[in-house]
Structures are given as structure tokens and as C-alpha cells.
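Protein chains in written order, with our numbering: chain H, 1 to 578; chain F, 1 to 298.
Don't read these hints as lab results, they were simulated from the structure. These numbers come from a predicted model, not from an experiment. Check before you lean on any hint, since a few could be wrong.
[What the hints assert, rightly or not] With a Cα cut of at most 20 Å, we get these calculated SDA-like pairs of lysine to any residue: (1) F:LYS217 - H:LYS448; (2) H:LYS179 - F:LYS91; (3) H:LYS448 - F:LYS91; (4) H:LYS202 - H:TYR7.
[As the list claims (entries may be wrong)] If you anchor each label on the Cβ, the simulated ranges turn out as follows: (5) F:LYS142 - H:LYS336: 28 to 36 Å; (6) F:GLN49 - H:GLU485: 35 to 43 Å; (7) F:LEU67 - H:LEU367: 36 to 44 Å; (8) F:LYS226 - H:GLU433: 53 to 61 Å.
[As the list claims (entries may be wrong)] Away from chain F, derived, C-beta distances all over 12 Å, residues of chain H: (9) GLU6; (10) LYS11; (11) LYS65; (12) THR84; (13) GLU91; (14) LEU124; (15) ASN168; (16) ASN288; (17) ASN303; (18) SER362; (19) SER401; (20) THR415; (21) TRP428; (22) THR505.
Don't be surprised by glycine CBs; every beta carbon is placed ideally from N, CA and C.
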Amino acid sequence: MKNPFEYETAKNLTVNEILDYYEPHFNYSRFLESKRNIFLLGERGSGKTMALLYSSFKIKYQDPKRNKDEDLFEKVAVHIPCITPLFHKREYLLLDNDYKAQISAEHYFVLSIAYELTDSLKDLEEVKEAFKDLDKEFKEDFEYIFSIELNKKLSFLDAVNKWVIKENINTQIQANDTKNDEFYSRALTMSTLLIPLMNKIKKAKILKNTHFIFLIDDAQDLNIHQVKVLNSWIAYRDHSDFSIKVATAKVNKPRRITTTGGAILEGHDFTTIDLEKPFYNKDSEFSNLAKSIVKRRLKKINNLDCEPEAFFPTNPDLEKGIENFKEVAKKEGEKKYGESEKKKVTDHIYKYGRAYYFRSRSAKANLPPYSGFDTIIDVSTGIVRNLLDPCYYMFDFMISSTKGKKNISSIPPKTQKQILIERSDAMWKRLQEGLENEIETCSLDQSKMVYKLFDNLMILFHSRLMRHKSEPRAIMFTISQQNHERYDELLELLKIAQLAQVLYTRQGNAKDDGRKETYYVPNRILLPTRGLDPKGQHARVSIKCSDLWNAASNNIKIPYNDNDGDEEDQDIQVELFG
Amino acid sequence: MKTISNILFAGLSWEERSFLGIKEDCKHFNQTKKVFLFVNISGSHDENQNKAKIQEYCKKKHIHFELVELNYEDPFFTWKRLESLVDGNHKSLKKPVVDISTIPREVIWTLIFFLRKYCTRVDCIYHSPKKYTKKWLSKEPKSPRLLLKHSGISEFNKPTAVLLITGFDEIRTRKLVDYYEPKLMVLGIQQGNQFENKVRNSKEKHLSAIKGQTDLKTFTIDAFSKDFGLSIINSEIKKLKEKYNIIACSQGPKPTSIALYKSQLSHSYVALCYVPSGDFSREYSFGIDRSYKYELDF
Numbered sequence: 001m002k003n004p005f006e007y008e009t010a011k012n013l014t015v016n017e018i019l020d021y022y023e024p025h026f027n028y029s030r031f032l033e034s035k036r037n038i039f040l041l042g043e044r045g046s047g048k049t050m051a052l053l054y055s056s057f058k059i060k061y062q063d064p065k066r067n068k069d070e071d072l073f074e075k076v077a078v079h080i081p082c083i084t085p086l087f088h089k090r091e092y093l094l095l096d097n098d099y100k101a102q103i104s105a106e107h108y109f110v111l112s113i114a115y116e117l118t119d120s121l122k123d124l125e126e127v128k129e130a131f132k133d134l135d136k137e138f139k140e141d142f143e144y145i146f147s148i149e150l151n152k153k154l155s156f157l158d159a160v161n162k163w164v165i166k167e168n169i170n171t172q173i174q175a176n177d178t179k180n181d182e183f184y185s186r187a188l189t190m191s192t193l194l195i196p197l198m199n200k201i202k203k204a205k206i207l208k209n210t211h212f213i214f215l216i217d218d219a220q221d222l223n224i225h226q227v228k229v230l231n232s233w234i235a236y237r238d239h240s241d242f243s244i245k246v247a248t249a250k251v252n253k254p255r256r257i258t259t260t261g262g263a264i265l266e267g268h269d270f271t272t273i274d275l276e277k278p279f280y281n282k283d284s285e286f287s288n289l290a291k292s293i294v295k296r297r298l299k300k301i302n303n304l305d306c307e308p309e310a311f312f313p314t315n316p317d318l319e320k321g322i323e324n325f326k327e328v329a330k331k332e333g334e335k336k337y338g339e340s341e342k343k344k345v346t347d348h349i350y351k352y353g354r355a356y357y358f359r360s361r362s363a364k365a366n367l368p369p370y371s372g373f374d375t376i377i378d379v380s381t382g383i384v385r386n387l388l389d390p391c392y393y394m395f396d397f398m399i400s401s402t403k404g405k406k407n408i409s410s411i412p413p414k415t416q417k418q419i420l421i422e423r424s425d426a427m428w429k430r431l432q433e434g435l436e437n438e439i440e441t442c443s444l445d446q447s448k449m450v451y452k453l454f455d456n457l458m459i460l461f462h463s464r465l466m467r468h469k470s471e472p473r474a475i476m477f478t479i480s481q482q483n484h485e486r487y488d489e490l491l492e493l494l495k496i497a498q499l500a501q502v503l504y505t506r507q508g509n510a511k512d513d514g515r516k517e518t519y520y521v522p523n524r525i526l527l528p529t530r531g532l533d534p535k536g537q538h539a540r541v542s543i544k545c546s547d548l549w550n551a552a553s554n555n556i557k558i559p560y561n562d563n564d565g566d567e568e569d570q571d572i573q574v575e576l577f578g
Numbered sequence: 001m002k003t004i005s006n007i008l009f010a011g012l013s014w015e016e017r018s019f020l021g022i023k024e025d026c027k028h029f030n031q032t033k034k035v036f037l038f039v040n041i042s043g044s045h046d047e048n049q050n051k052a053k054i055q056e057y058c059k060k061k062h063i064h065f066e067l068v069e070l071n072y073e074d075p076f077f078t079w080k081r082l083e084s085l086v087d088g089n090h091k092s093l094k095k096p097v098v099d100i101s102t103i104p105r106e107v108i109w110t111l112i113f114f115l116r117k118y119c120t121r122v123d124c125i126y127h128s129p130k131k132y133t134k135k136w137l138s139k140e141p142k143s144p145r146l147l148l149k150h151s152g153i154s155e156f157n158k159p160t161a162v163l164l165i166t167g168f169d170e171i172r173t174r175k176l177v178d179y180y181e182p183k184l185m186v187l188g189i190q191q192g193n194q195f196e197n198k199v200r201n202s203k204e205k206h207l208s209a210i211k212g213q214t215d216l217k218t219f220t221i222d223a224f225s226k227d228f229g230l231s232i233i234n235s236e237i238k239k240l241k242e243k244y245n246i247i248a249c250s251q252g253p254k255p256t257s258i259a260l261y262k263s264q265l266s267h268s269y270v271a272l273c274y275v276p277s278g279d280f281s282r283e284y285s286f287g288i289d290r291s292y293k294y295e296l297d298f
């Protein structure tokens with residue numbers, strides 16, 4: 001039986017799998033199909049590759065659901081994955097200057113794009129027809145310009161495609177030649193190959209208005225020369241014929257410098273889109289996306305027509321317990337504000353209902369019966385891969401326990417709890433065993449500090465959940481005292497945590513003057529092991545840099561006061577949050 | 001039977017086998033005139049005791065001894081240094097021997113690459129320790145990197161397969177999956193229970209580290225066989241050739257790094273990959289046990 005929640009990287013999926021799995025998102029599609037240069041930011045597993053692939057021409061062409069009235073050739077997008085052995089080659093180090101290294105980097109980039117472009121179009125009947133009278137002339141032009149011989153039997157696009165394949169192999173053979181450290185003298189560039197190629201393609205009637213989109217995926221691992229080349233293309237003044245969309249992780253995103261030493265500027269040369277989605281309430285954008293993803297996978301892979309909430313049922317005791325305490329909070333709110341103050345009463349229930357449930361549990365009791373699709377969404381912290389991870393392990397457990405002989409129609413709450421706690425334990429184990437084993441820039445000392453920092457954050461969140469008078473379920477934080485002498489070192493620790501995906505960041509409006517502020521969101525899979533509520537609330541804890549530093553370096557508890565921030569609510573508006 | 005060799009390349013290490021191995025090598029190769037001893041300038045363990053012993057031994061045996069400073073964290077620096085070392089000594093390079101026991105794989109491969117310019121055969125020796133520490137051996141793996149000039153041929157539209165000879169550290173296995181996001185991971189697992197191999201290098205341990213992230217296949221290899229595992233590596237590579245761009249990596253018993261290199265020479269489309277470790281145990285290994293020799297012909 002196939003596990004519907006396998007989270008293999010999107011670039012390894014087939015066209016049909018992408019069409020089956022991907023949940024289109026209007027906002028991102030709109031940006032990806034625009035003529036603007038875009039940087040698409042998102043953590044690993046947030047769906048960047050899937051979004052790029054889905055907007056690529058190869059997928060769109062085969063999408064049975066596409067709008068038949070739309071001019072398919074108006075935008076031709078090609079996907080260029082950068083996590084390939086080709087982009088990890090380092091022979092450029094042996095060249096004797098940076099200029100040659102940049103030309104070499106551009107050559108591989110250009111060949112990759114030319115291949116994808118020709119490969120996307122060459123076999124389509126309507127394109128073949130459109131090129132019928134142009135093939136001969138275009139081939140002769142290219143043969144003359146590049147001093148090459150193209151395959152006489154093939155169409156122009158097919159012949160260029162084959163030539164590019166050959167050129168790619170020949171370049172690598174020369175680069176690996178044991179006796180030769182020479183620069184590849186026939187190196188191709190955007191100006192020498194891609195622009196002439198695009199111009200030729202636009203001569204065909206059905207492609208005359210085409211805008212080409214280069215979807216550069218996983219740019220965070222590019223070397224400095226590759227980054228400079230990419231930025232130089234982004235800095236091109238004329239983007240009427242092509243634009244570039246770059247998907248990259250938030251941490252270690254590429255630098256902004258170009259080959260000429262200039263810099264590309266946000267707003268002027270490109271626009272940044274953050275892929276992280278709102279995930280704070282039941283009807284938030286991420287919740288809806290999560291439901292669609294799970295429903296689609298269950299249907300397509302296991303032929304199971306089932307709502308995710310039914311497939312992952314909540315433990316009735318948990319459901320009932322929370323409802324009971326919401327009722328308690330309701331009565332309390334009505335008493336405090338009066339029954340007519342509906343909004344205030346609703347806010348009171350929101351703040352305290354769930355907190356009372358967790359407070360009611362004996363310190364000696366087992367961990368709460370974490371279960372239900374909403375809980376799985378909560379622990380995902382808004383990242384698609386984090387959503388699929390516990391689902392995969394739950395389904396895998398069911399396959400093992402039924403020896404693969406029974407159809408799996410739902411995951412019992414008991415199994416959900418077991419797996420959620422196991423995955424939470426596994427995340428803590430990573431922190432305890434040391435992130436220095438995973439994160440290259442992390443020293444042993446820093447690794448110990450990251451563990452202590454998160455341990456103390458959880459102690460703080462626990463104290464708040466048990467006793468805080470205003471925002472008991474706040475589980476994200478901001479940093480005050482940013483001029484503190486340890487601030488930069490603290491940021492280094494937080495960056496390590498981000499790289500390890502135990503911490504995420506969001507941008508939101510600060511409360512005081514409307515400026516943008518960074519919010520730190522610990523991965524919520526950390527919470528079940530500590531008996532905390534992964535639901536959280538729209539609030540953040542402002543913590544002094546010195547307190548975070550003391551927690552990390554000396555294992556000193558982060559100061560806590562039951563009345564902190566009690567004067568007024570700290571509800572915040574985080575950008576993109578629902 | 002003693003064999004003739006005039007130059008020995010070896011790596012200085014804090015491990016006991018660093019000195020004991022060189023002694024064995026010099027006994028076995030009775031015309032050793034020169035020992036080039038690689039020292040890692042970015043290393044953190046104290047190697048002075050072994051250095052003094054090796055120096056003393058060479059002096060007693062009238063063997064020319066030269067320390068060669070390399071930086072294992074800077075492959076470009078190491079590349080250039082080894083290039084000049086081999087070029088500068090090529091006239092005396094008759095039947096060179098490389099004691100691979102305590103040299104990192106990337107340095108072994110780079111050295112052999114330059115030796116190939118002047119030699120048609122290199123003898124590789126591996127001294128197995130008596131035992132390894134029961135605790136961790138290596139940790140803090142760094143980003144994988146492709147070996148210069150051996151980065152294979154990457155074709156468009158082919159997914160990536162990583163062929164890995166696994167070691168005791170499953171985090172290094174996961175590092176490869178995280179870094180290259182391969183469609184397929186082929187794990188070559190050492191047979192036998194030497195050094196508690198069945199527990200420390202168990203298939204389950206590696207599979208659970210990368211579960212759900214990639215397609216998986218496994219095969220069994222014997223690094224201590226006559227060909228250091230070459231034939232099984234060749235056969236696995238041939239299976240992958242048509243469908244995948246292949247990255248090959250050895251983290252298991254050191255002799256497999258020689259088999260992998262030999263295999264790459266006949267399958268130049270394969271990229272050789274190295275995953276450096278940031279830290280090694282001070283008590284990495286103890287003593288010296290069996291020695292294995294492989295004659296690498298070009």
C-alpha cells in the first residue's frame with residue numbers, strides 16, 4: 001500500500017504527480033506569471049519548488065483543467081533546478097581569475113535554460129507547424145553564428161536542443177580533462193545564445209507575443225559567481241521578453257551583487273514574495289491549503305473520499321475537555337463584561353478556554369491526547385513538509401500494524417498521539433544530540449546554547465500557559481534591547497535554529513510605530529513533548545536580548561511575571577496572517 | 001614477500017596506527033627512500049608524539065622524511081600543494097605507495113589524480129586498527145563537495161542518484177540526502193560484524209535517518225575483499241547509468257574509497273563526492289591489525 005503522505009522533493013515528481021498533488025494558489029500563480037522579476041522566499045518544505053513547477057510550461061500544457069480560452073503561449077516558463085550535480089561543480093576554482101569563473105558559471109546556466117526552453121516547445125505539433133517555414137533559415141543562421149553544424153533532419157528547436165545537450169557534455173569533459181585547466185573558449189552567455197534564441201522563437205506566429213519566464217529553483221546553494229550572473233540578468237533594463245523568478249530559502253539567501261560589482265534593488269529590479277502563509281485559525285489560508293493537500297492525496301493515491309478531519313479524528317476526551325473549559329471561560333467572560341459584550345466575551349473564550357483545559361490537567365497526568373487534523377496543522381507551523389511528516393509516520397504505523405492487509409480509512413487518535421509525541425521527541429533529540437552535527441556553521445558551544453535557549457523558552461511558555469493573566473498561549477516572541485552587546489551573537493544562535501528548522505521567522509507590524517518587526521516562531525512540533533498547547537494565539541512575548549542570552553549561555557530562566565503585558569492586549573497583525 | 005618502492009605518502013595523525021602503519025610500510029617496501037608525511041594545518045588534535053616517532057624512525061632507517069602541510073578544510077589549497085609536490089618529485093616517482101589509513105579520502109583521490117600523470121601504478125595500503133572507540137568516531141559533517149576534475153557528467157533532465165558506501169555515522173548519510181535531494185539513494189553496506197559493524201552500520205539505522213525523503217535501494221559490499229569492493233560498485237553503477245546522474249561517495253571502510261576511485265576512472269560520468277567531518281574523536285582507534293594492499297593500475 002502506498003503511503004499518500006510521502007514528501008519526496010517536488011523536483012523528483014512526475015508531471016502527473018505534480019498535477020495530482022499541487023494545490024494551486026492564486027496569489028502566487030499571479031506573481032509567478034507576471035513579467036516582474038521575483039524572489040520567492042520560503043523555508044525548506046514550504047512548497048517553493050511545487051509552485052514553480054506548477055507554473056512551468058511543461059506542466060501547464062498537460063494540465064487538463066487549464067482554461068482552454070487562455071493563450072497558452074503568452075507565457076512560456078521553464079524550470080531550472082539548481083540542486084543538480086551540474087550546479088555543484090567546482091572546477092571554476094581552478095580558473096585563474098574571477099571573470100573566467102563567471103563566464104563558466106553563465107555558460108552552464110545558459111545551456112540549462114536553452115535546453116529547458118527548447119525541450120518545452122520542440123515536440124508540440126502547433127509549434128512544429130509554426131516553425132515549418134522557418135526551420136531551414138534559422139538553422140543556417142545558428143550554424144553560421146556559432147560555427148556549428150546542426151542536425152539536418154531535425155527541426156530548428158530540436159536541433160538546437162540536441163546541440164545544447166552535446167555542448168553541455170563537451171564542456172564537462174573539457175572541465176574534467178586531467179591535462180587541461182583551460183577556460184572553455186566557446187562559452188555561451190545570455191547575450192550570445194539566449195537572447196538570439198528567444199528572438200528566433202518569437203518569429204513564429206503563435207509565439208510572437210510570448211514572454212519567457214526563467215524559474216530558478218533553490219538559489220540558496222549557488223556559488224558566488226552563479227549568484228552574480230543571475231543578479232546581472234535580473235538587473236537587465238529591458239524585461240519585456242523575459243523575466244526571472246528565483247526561489248530561495250530565507251536563511252542564506254543569495255547576495256545581491258552583480259558581475260559588475262553593482263547591486264540589485266528591491267522594488268527597482270525585483271519584488272520579494274514570502275511563501276509563508278497565515279495559519280492561525282481554523283479557516284486561515286494555510287489551514288485551507290492543508291485540508292486541500294491532504295484531501296487530494298487521500299483521493300488520488302488511496303482512492304479515499306474523506307474529509308481530513310474524519311481521517312484524523314480528534315480524541316473525544318480532548319474535544320469534550322476543551323469545549324467544557326470554553327464554556328467555563330464563556331461564563332467567566334459574561335460575568336466580567338456582561339452578556340451583551342459579545343466580542344469581549346468571545347475574546348475571553350479565545351484567550352482562556354484552551355488554557356484552562358491545560359491548567360486543569362494534573363502535573364502527574366500523561367501528556368494530553370494530542371490528536372485531530374487541526375492539531376496536525378498547528379504542529380506544522382505553516383510548513384507543508386512539516387504537515388506531511390507526522391501524517392507519513394502515522395500512515396506508516398498503520399501499514400505496519402495491519403501488515404498492509406487492510407484498507408486504512410482513518411488514523412485512531414491513540415496512534416496520532418503516539419506519533420505526534422514521537423516526532424516531538426525526535427526534534428528534541430536533535431537539539432540535545434547537538435545541531436553541530438547538522439549545521440556547518442554551528443560550533444559545539446553554540447549547539448549547547450541553542451538547546452538551552454529552547455529549553456528555557458519552553459519553560460517560559462509553560463509558565464505562561466499555567467499562570468499568565470493576559471496571553472497564556474503566546475508561543476512566539478520578539479527581541480527587545482537590540483543594541484545589547486550580545487545581540488549579534490544571539491542572532492547567530494537564532495540563525496542556526498532557523499537552518500535546523502526548529503525556528504521560523506515572520507515579518508509583522510510592530511505595535512508602537514508601524515515599522516516592520518521580526519517575529520520568531522519556534523517549530524510547534526517541539527510543544528507536545530513539553531505538554532504545551534500547539535494552537536498558540538495571536539500574541540507574542542517581547543523578551544529582552546539579555547534574558548535570551550542568559551538563558552542560552554548560563555541556563556538562567558527567562559524572567560516571567562504573571563501580569564506581563566496585562567495592561568492591554570498585545571494582539572498583533574502579522575503580515576500575511578489570517 | 002617484500003616489494004620495492006621508493007616513495008611513501010602517508011598522513012600524520014594522532015591515531016596509533018599513524019606511526020605503526022608507516023613502520024609496517026617501510027618494512028614491507030624495502031627500498032623506501034622518502035616518506036612524505038601530510039600534516040593538516042587545520043587539525044585540532046595533538047600529533048607531535050607520532051611526528052617525533054616517525055621522524056626518529058626514518059632517521060634510524062636513513063629514510064628521507066618530509067612534512068607536507070595541507071589544509072584539509074581548503075581543497076583548493078590542498079590541490080595546488082599536491083600538484084606542486086608531485087610535479088616537483090616526478091623524477092623519483094617509481095612505484096609510489098600511498099598509505100591511505102589516516103589520509104582523508106579527498107586528499108587520497110587528489111594525490112592519486114596527480115600521481116596518474118607520471119605513474120602507471122600506485123600501491124595503496126590500508127592498516128585496519130585493532131579496535132575503534134565505542135563512542136562516536138566523527139561528527140559535525142560539513143556540506144558535501146564534488147571532487148575537482150572528477151565531477152562527472154551531469155545530463156539535463158536526469159534525476160540524481162547517490163551511491164553511498166555507508167559508515168558508522170548515519171547523520172552523514174542524511175547530510176547527502178539533505179544536500180543533493182536525490183531521487184534515489186543506493187546504500188552499499190559493509191558485510192560482517194567486525195568493529196560491531198552490524199549494529200553501528202546497520203541498514204535500519206541509515207534507512208530510518210532518511211525515511212520518506214527519497215527512493216531507497218541497498219546492496220552489500222566487502223571492503224576487505226581482494227578488489228576492495230570494486231566489482232559490486234561497478235555493477236551497481238551500471239544499473240544506474242541510463243536513468244540517473246550519479247554521485248558516488250564513500251564513508252565506510254577506507255578501502256572502498258580506492259575501489260570507488262578506480263571505478264570512476266572507467267565511469268567518468270560519475271561524480272566523486274566527499275563529506276568532510278568537523279570533528280574526530282581523540283580516541284578514534286587503537287593499535288594496528290591486518291593490512292590490506294591494492295595495486296591501482298591506470
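These are the hints, each one checked on the structure:
1. Proposed proximity of LYS217 (chain F) and LYS448 (chain H) is contradicted: the alpha carbons are some 35 Å apart, above 20 Å.
2. The straight-line distance between the Cα atoms of LYS179 (chain H) and LYS91 (chain F) is roughly 18 Å, inside the 20 Å bound, and the hint therefore holds.
3. Simply put, LYS448 (chain H) and LYS91 (chain F) have alpha-carbon atoms about 52 Å apart, too far for the 20 Å limit, and the pair is violated.
4. Between LYS202 (chain H) and TYR7 (chain H), the direct Cα distance comes to roughly 38 Å. Violation of the 20 Å bound is thereby established for this hinted pair.
5. Roughly 57 Å separates the CB atoms of LYS142 (chain F) and LYS336 (chain H), a value that falls outside the hinted 28 to 36 Å.
6. Checking the proposed 35 to 43 Å range against GLN49 (chain F) and GLU485 (chain H) shows it holds: the Cβ atoms sit about 41 Å from each other.
7. The given range of 36 to 44 Å is broken by LEU67 (chain F) and LEU367 (chain H), whose C-beta atoms sit roughly 58 Å from each other.
8. At about 39 Å, the CB distance of LYS226 (chain F) to GLU433 (chain H) disagrees with the hint of 53 to 61 Å.
9. Interface exclusion of GLU6 (chain H) from chain F breaks down, the closest Cβ pair being 6 Å apart, not more than 12 Å.
10. Not every beta carbon of chain F lies more than 12 Å from that of LYS11 (chain H), the smallest distance being close to 7 Å; the non-interface claim is violated.
11. The non-interface label for LYS65 (chain H) is consistent with chain F: the shortest C-beta to C-beta separation is roughly 25 Å, beyond 12 Å.
12. Its closest Cβ contact with chain F, about 6 Å, brings THR84 (chain H) to no more than 12 Å, contrary to its assignment away from the interface.
13. With a least CB separation of 6 Å from chain F, GLU91 (chain H) falls inside the 12 Å interface cut-off, contrary to its annotation.
14. Every beta carbon of chain F lies more than 12 Å from that of LEU124 (chain H), the smallest distance being close to 17 Å; the non-interface claim holds.
15. The beta carbon of ASN168 (chain H) is not kept farther than 12 Å from every beta carbon of chain F, the shortest such distance being approximately 6 Å.
16. Its beta-carbon lying about 25 Å from the closest one in chain F, ASN288 (chain H) satisfies the requirement of being farther than 12 Å from that chain.
17. Taking the minimum C-beta to C-beta distance to chain F, about 21 Å, the non-interface status of ASN303 (chain H) holds against the 12 Å cut.
18. Remark: the non-interface label on SER362 (chain H) is consistent with the geometry, its nearest Cβ contact in chain F lying 34 Å away (cut-off 12 Å).
19. With a minimum CB-CB distance of about 17 Å to chain F, SER401 (chain H) clears the 12 Å threshold, and the non-interface call stands.
20. The Cβ of THR415 (chain H) lies farther than 12 Å from every Cβ of chain F, with a closest approach of about 17 Å, so its non-interface assignment holds.
21. Listed as outside the interface, TRP428 (chain H) is consistent with that label: its C-beta sits roughly 16 Å from the nearest C-beta of chain F, beyond the 12 Å cut-off.
22. Distance to chain F confirms THR505 (chain H) as a non-interface residue, since its nearest Cβ pair spans about 20 Å, more than 12 Å.
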